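There are 2 protein chains.
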Amino acid sequence: MDNIQKLIHQNQDRYINELIELLKIPSVSAEPKYKEDVLKAAEFVSEKLVAAGLDAVEICSTKGFPVVYAEKIIDSQLPTVLIYGHYDVQPADPIELWTSPPFEPVIKDGKIYARGSADDKGQFYMHVKAVELLLAENLLPCNVKFMIEGEEEVGSEHLGDFVRENKAKLSCDVILVSDTAIIANDIPSITVGLRGLSYMEVEVTGPNRDLHSGVYGGAVANPINTLCKMIAQLIDDNGHVTIDGFYDDVINLSEAERQAINSIPFSEEEYRKELNISTTQGEKGYTTIERTSTRPTLDVNGIWGGYIGEGAKTVLPSKAFAKISMRLVPNQQSEKISQLFEKHFRAIAPESVKVKVTYHHGGEPVVVPSDSKEYAAAERAMEKTFGKKPVPQRGGGSIPIVALFEEELGVKTVLMGFGLDTDDIHSPNEHYGIFNFLKGIETIPYFLKYYTEG
Amino acid sequence: MDNIQKLIHQNQDRYINELIELLKIPSVSAEPKYKEDVLKAAEFVSEKLVAAGLDAVEICSTKGFPVVYAEKIIDSQLPTVLIYGHYDVQPADPIELWTSPPFEPVIKDGKIYARGSADDKGQFYMHVKAVELLLAENLLPCNVKFMIEGEEEVGSEHLGDFVRENKAKLSCDVILVSDTAIIANDIPSITVGLRGLSYMEVEVTGPNRDLHSGVYGGAVANPINTLCKMIAQLIDDNGHVTIDGFYDDVINLSEAERQAINSIPFSEEEYRKELNISTTQGEKGYTTIERTSTRPTLDVNGIWGGYIGEGAKTVLPSKAFAKISMRLVPNQQSEKISQLFEKHFRAIAPESVKVKVTYHHGGEPVVVPSDSKEYAAAERAMEKTFGKKPVPQRGGGSIPIVALFEEELGVKTVLMGFGLDTDDIHSPNEHYGIFNFLKGIETIPYFLKYYTEG
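So the sequences go chain by chain: W and E.
Per the working numbering, the first sequence starts with residue 1, numbered consecutively.
Per the working numbering, the second sequence starts with residue 1, numbered consecutively.
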């Protein structure tokens, strides 16, 4: 495989241009107006998998957006690695904060700027190119399967059914996912834990219609004031979530585990500086690294109600809304936490308003063992290409399908991502380093080789 | 004047059609995109004042939207009544809650549905038609002046300068305004008090950009959660506003005054039923009538931040915003309260966020004496046309210019409005009863007559 770096160098312009084509497709799964574009992205992926030399390429229908499947079985005696990724992306708003349009990729300072560049188009596409390269050179060391879905950003709603209905097709020895970050370009890391998610939407109704705040203000419960008061009550002054039972299933880490987690390279000062905040803030008694990886949290992701246009309107609105999500840690269950949230939220509502609670989507938290064959293979591969042994790291985000794969397919996942926390995924100006993109293409072949060698 | 009712009946279709034409103009002063329409409404008003037979009709420029002026001086020895109104309207959103488009007026169940129908186009236009009728019949008993402005819904920002620069032109004995409500069509009332207003906008900034709530959630202050917590702190569990010094200048009413205020016809049960709320809510120790007229309040009029589209986005946003207004009662001062708000709001902000506070507009609270010559004239006029003596009533809304007129012109205002609290002003489906529109046209001539007779 010594030739790989040279070959990547020869092909890198084509790789980048292909990724740019994919990034031009606004495959926002959350917004109905982009439906055709999401399907177009699936088409694009399937075409590229065919071009890469894979077999049995198929755009598999689900009740939602399709899953693109492909495989290359070279020898049934060899191990099979299933590569998972997603071709859908987050909504791009607030659009006005992008310095270049989200679906018109530009390269600046060695990074590709576009919605989905890091999450996850740039990352899964590394696998397509790595396997293409191995097939072209006749170097593929094992069987590979691809499962690239289109609903990750909306909770992978139909993936469970797809996996259950296609167990034979998806049978494999390990699942390889690049949808996470490394600590820095010179500090490679492998994600060994992910938080779960419960995502709720709440609606608080006061009067049956918008009212004049002068005529009614002071006598009629204002749903915005009420919602704010209810949200304020969800977290206490120590940063603890107040929902009854919220922490019941959380397993507290041992001192040794906490020490290990806190030993990864991290500068609180740089973190604050990079975010332009004068202080971090969170659950009392925990460090920033712990707060973002080993502790559950609650964040309002969106709020709206009343008059939000220019100028002033003296309205006492009928309704106020919020999107509220909770990050969960191992042993917490998304469904249970969602129910606890709803119960608590209804309980704290004053009599003067009506409350509606909707469940958006959830995902279970996971811990990935770092003493496994696949972890060892990823560690060796990264050490080979980065020249430095990667650090095991718990991530704060959620990839709900990891728990699903383990449950349905009985297979472990290895989370070998190449992004950076500063890639602004889910934010304006998302970007992905060309260094990271090419480093991924270079590393993946070694993972397959070392995993096959066992 | 015994002929008036008959003449109104003969002309009523024309009156209504003219009002409908005026209501078709979306003169929303708060939204820059309607700028041309606001100017068009000023043109319309001036044309109708000319057609009504008034002299010296002029569209007077200000630094904002113009003031339409007109006069009819029949005898300098007779008193002069200055009629004030506004041709601008509130924004129409939320548009989706209108049952018919806000600027395509429809008549349903005896009411004209359109933005501005009651506030204030339908109300000031009664005066144009009443004076037209009196001039046509040679019955005008006194001098009249019109001052119809275009910035009432955005705080009459430039009216102060206009009044100061045109004191001679505007000289008068009394100001007559129809921009308030009667208790019911069979319970006429005259407004003897209005609350003032301080309208603020706040911006809370956490991190310098939108973040992924999984990667950063738990360690970085979420500006929405923070804003909610700050808003929650503005009102305590007894419904008191917690801003330091907020109540300092409030004059507590005597028991006799409170009894008088609470003696106006009012059914708490019907009020709740009409709003579909199971309970009212407000400052402890006060009735609904007191809470909406004699007590200061604080309401969030709008809130926004993070992802507010369809579906779910796991963002920890950089910023959150709210529009917050306070209704003030006599002796409170708008500017002082705005400053107290800002000071307090900054003081309760945690170190983890940055806060920006903007002043939108304000207005001073007023009390209109009910023992004056003009009150007596309005009382007699309403008794004549409604067949029932009107009740003095304190209103909850704000007409900031009343205090301005008194200060600059040294003239009192009489608030003889004909709307209803249920007209849904500032709300979707604003409407104005044709009964009320015609009753106003009928009553105004008697006011002018009785006031002149003194």
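Derived by calculation from the structure, the hints in this document are not laboratory data.
Certain hints may be false.
One copy or two, it doesn't matter: identical chains are merged, so the pair holds either way.
[Claimed, not checked] Here are the computed lysine-lysine pairs in the DSS-like style, where the Cα-Cα straight-line distance is at most 30 angstroms:
id	residue 1	residue 2
1	Lys384	Lys336
2	Lys284	Lys354
3	Lys284	Lys343
4	Lys169	Lys354
Keep in mind the model is a prediction, meaning the values are calculated, not measured.
Hint-by-hint comparison with the structure:
1. Lys384 <-> Lys336: neither (43 angstroms within a copy, 68 angstroms between copies)
2. Lys284 <-> Lys354: For Lys284 and Lys354, the Cα distance is within 30 angstroms only across copies (21 angstroms; inside one copy 33 angstroms).
3. Lys284 <-> Lys343: both (25 angstroms within a copy, 28 angstroms between copies)
4. Lys169 <-> Lys354: Neither way: Lys169 and Lys354 sit 48 angstroms apart in one copy and 53 angstroms across, limit 30 angstroms.
Figure legend: structure checked against the earlier numbered hints; hints not met, in rising order: 1, 4.
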